[in-house]
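Novice: Letter by letter, the chains look like this.
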Amino acid sequence: MDAAASGAAGSPLPDDDWRQELVLALRVRDVPGRRIGDVLAEVEAHCADSGQGPREAFGDPEDYAGELAPGGRPTLVRPWLLKAAATALGVLALLSGVDATVHGGRPSVTVGVVLSLLVTLALAAVVVLRLNDLVRSGWRAWLGLSVGFVALTTLPALLPQRLLSLPARPVLLAGVLLLAAAWWRPGGAAGVADEVVDPRTGAPLRPVPPWVGRALAWFFPLTLLVAVVLVALVPA
Amino acid sequence: MDEARWPSDWLRGVLELCVLGALQAGPSYGYAIAQHLEQAGLGTVKGGTLYPLLGRLENEQLVEAVWQVGESGPGRKYFTLTAAGADALRDRAERWHAFVETAAAVVAPRPVRGRL
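Order-wise, the sequence lines are chains A and B.
So in the working numbering, spot 98 of the first sequence is number 98, and the numbers just go up one at a time.
Quick note: to get the working numbering, add 236 to the position in the second sequence (first position is 1).
Hints listed in this document are in silico derivations from the structure and should not be mistaken for laboratory results.
A hint or two may mislead.
As the list claims (entries may be wrong) - Taking lysine to aspartate or glutamate pairs in the EDC-like style, the calculated list, with each CA pair at most 20 Å apart, reads:
#1 B/K282 with A/E67
#2 B/K313 with A/D198
#3 B/K282 with B/E252
#4 B/K313 with B/E300
#5 B/K282 with A/D30
#6 B/K313 with A/D49
#7 A/K83 with A/D30
#8 B/K313 with B/E252
#9 B/K282 with A/D49
#10 B/K313 with B/E294
#11 B/K313 with B/E296
#12 B/K313 with A/E67
#13 B/K282 with A/E195
#14 B/K282 with B/D245
#15 B/K282 with B/E294
#16 B/K313 with A/E44
#17 B/K282 with A/E62
#18 B/K313 with A/D17
#19 B/K282 with A/D63
#20 B/K282 with A/D60
Stated by the list, open to error - Derived DEER-like restraints, expressed as beta-carbon distance ranges:
#21 B/R326 with A/L118: 55 to 65 Å
#22 A/A181 with B/P243: 51 to 61 Å
#23 A/A151 with B/P243: 51 to 61 Å
#24 A/S165 with B/R292: 50 to 60 Å
#25 B/D245 with A/D60: 14 to 24 Å
#26 B/G277 with A/G51: 15 to 25 Å
#27 A/E62 with B/A261: 32 to 42 Å
#28 B/D245 with A/L222: 52 to 62 Å
#29 A/W142 with B/P243: 45 to 55 Å
#30 A/W184 with B/R292: 29 to 39 Å
#31 A/P221 with B/L253: 44 to 54 Å
#32 B/Q297 with A/V150: 46 to 56 Å
#33 B/R248 with A/P221: 45 to 55 Å
#34 B/L289 with A/P221: 34 to 44 Å
Since this is a predicted model, take the numbers as computed values, not measurements.
Positions of the beta carbon are idealized from the N, C-alpha and C atoms, including for glycine.
Taking the hints into account, I'd like the entire structure generated from these sequences.
Specialist: Laid out in structure tokens, this is it:
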């Protein structure tokens, strides 16, 4: 969150930024929401007792997260990147499946498809490894991600050299299944099911501004819906 | 008496044991533990060092932690030594003393024999 783009009267406290960075650093280390709430409450209590600020008492939030979750930074096998890969494949399969089913023909694995998959994985890696920087850069981050999404959906059309040809309906079904597998969360719809909760009161904490949560939840499904409609309506 | 400034690698080696030791007197919370160690002459322990250590002790079930909502201000997380923790403290403290005596014997001053 930019210090200049605070919204409320005055700039956000540096403590808020520190806590937000810590939460994101813990999230990418797959620390569960309850433990994150516990950690935040510890920081708050200690700072209240000692009179120190969080940066003074706990240091850099990235380093602190590293001490708390020594499992290390996300690696290629982490759930977030697998989810991105399944999403990318799912979107491509869904869109080409819809296109082939509505307009006839067979979806193909083309040079464009392979390239757009690689673009998506590269973007996902950037998101996962630089999440704090992304959130701080606000609209620039969403612009970059939107450009990536556009690339994902248009590269197949731009580079149609065919490598492999597949039947339409199974591809469509595969797309739906991949997206469902990547995004289905038991007990938690489009929101963040693994909530950060204050252990003292049981109330949810919101260290990350609400717009981030909402944007993450709705941006992707909305864009996907638009893409599906476009593909179905635009004649082949 | 001015604050002791021990080499940080010495402190790193002994801090976990000292935190267990600090909890012998009864349940305590993070800041109070840090104060206790500082007053004992071990120097300042930052939150960034203390809480991950307490977290590890909790994972190993050597301490138990409970949030207690206070009358004044936000609640505090109180840590208590478990039975396993008390045993671990006793065993490791014994080994620590043996270790220190061993090292002390090696560094004890002795007359230099002649010159080369």
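Novice: Now tell me, hint by hint, if it's right for this structure.
Specialist: Hints and how they fare:
1. Restraint check for B/K282 and A/E67: satisfied, since their Cα atoms lie roughly 13 Å apart, inside the 20 Å limit.
2. For the hint linking B/K313 to A/D198, the alpha-carbon distance of about 12 Å falls within 20 Å, and the restraint holds.
3. At most 20 Å may separate the alpha-carbon atoms for a hinted pair to count; B/K282 and B/E252 meet this at roughly 14 Å.
4. This hinted pair checks out: B/K313 and B/E300 have alpha carbons roughly 10 Å apart, not beyond 20 Å.
5. Distance check on the hinted pair: B/K282 and A/D30 sit about 25 Å apart at the alpha-carbon level, beyond 20 Å; violated.
6. Note on B/K313 and A/D49: the hinted pairing holds, with a Cα-Cα distance of about 12 Å set against a maximum of 20 Å.
7. Of the supplied pair hints, the one linking A/K83 and A/D30 holds, its CA atoms being roughly 13 Å apart against a limit of 20 Å.
8. Using a Cα cut-off of 20 Å, the hinted pair B/K313 and B/E252 holds, with the two alpha carbons roughly 18 Å apart.
9. This hinted pair checks out: B/K282 and A/D49 have alpha carbons roughly 13 Å apart, not beyond 20 Å.
10. Note on B/K313 and B/E294: the hinted pairing holds, with a Cα-Cα distance of about 12 Å set against a maximum of 20 Å.
11. A C-alpha spacing of about 17 Å is found between B/K313 and B/E296, which places the hinted pair at or below 20 Å, so the restraint holds.
12. Restraint check for B/K313 and A/E67: the C-alpha separation of about 19 Å stays at or below 20 Å, so the hint holds.
13. With a C-alpha separation of about 28 Å, the suggested pair B/K282 and A/E195 falls outside the 20 Å cut-off, and the hint is violated.
14. Of the supplied pair hints, the one linking B/K282 and B/D245 holds, its CA atoms being roughly 15 Å apart against a limit of 20 Å.
15. Taken as a hint, the B/K282 and B/E294 pair is honoured in the structure, with Cα atoms around 18 Å apart against an allowance of 20 Å.
16. For the suggested pair B/K313 and A/E44, the alpha carbons sit about 11 Å apart, so the restraint of at most 20 Å is met.
17. For the given pair, B/K282 sits about 16 Å from A/E62 by alpha-carbon distance, which is consistent with the 20 Å threshold.
18. Using a Cα cut-off of 20 Å, the hinted pair B/K313 and A/D17 is violated, with the two alpha carbons roughly 24 Å apart.
19. Among the hinted pairs, B/K282 with A/D63 is consistent with the structure: their alpha-carbon atoms are about 13 Å apart, no more than 20 Å.
20. The suggested pairing of B/K282 with A/D60 holds, with an alpha-carbon distance near 12 Å, which does not exceed 20 Å.
21. Checked against the given bound of 55 to 65 Å, the beta carbons of B/R326 and A/L118, roughly 58 Å apart, stay inside it.
22. Taken as a hint, the range 51 to 61 Å holds for the pair A/A181 and B/P243, whose Cβ atoms sit roughly 53 Å apart.
23. Remark: the range hint 51 to 61 Å for A/A151 to B/P243 is upheld by a beta-carbon distance near 54 Å.
24. Checked against the hint of 50 to 60 Å, the pair A/S165 and B/R292 passes, with Cβ atoms roughly 55 Å apart.
25. A C-beta distance of roughly 21 Å is found between B/D245 and A/D60, which places it inside the suggested range of 14 to 24 Å.
26. For the pair B/G277 and A/G51, the beta carbons lie near 22 Å from each other, so the given range of 15 to 25 Å is met.
27. The hinted range of 32 to 42 Å is satisfied by A/E62 and B/A261, whose Cβ atoms lie roughly 35 Å apart.
28. At roughly 54 Å, the beta carbons of B/D245 and A/L222 sit within the given window of 52 to 62 Å.
29. Under the hint 45 to 55 Å, the C-beta atoms of A/W142 and B/P243, about 49 Å apart, fit the expected range.
30. At about 34 Å, the beta-carbon gap between A/W184 and B/R292 stays in the expected band of 29 to 39 Å.
31. The hint said 44 to 54 Å for the Cβ distance between A/P221 and B/L253, and at roughly 53 Å that hint holds.
32. At roughly 52 Å, the beta carbons of B/Q297 and A/V150 sit within the given window of 46 to 56 Å.
33. Distance hint for B/R248 and A/P221: a CB-CB separation of about 49 Å, consistent with the stated range 45 to 55 Å.
34. Separated by about 43 Å at the C-beta atoms, B/L289 and A/P221 satisfy the suggested range of 34 to 44 Å.
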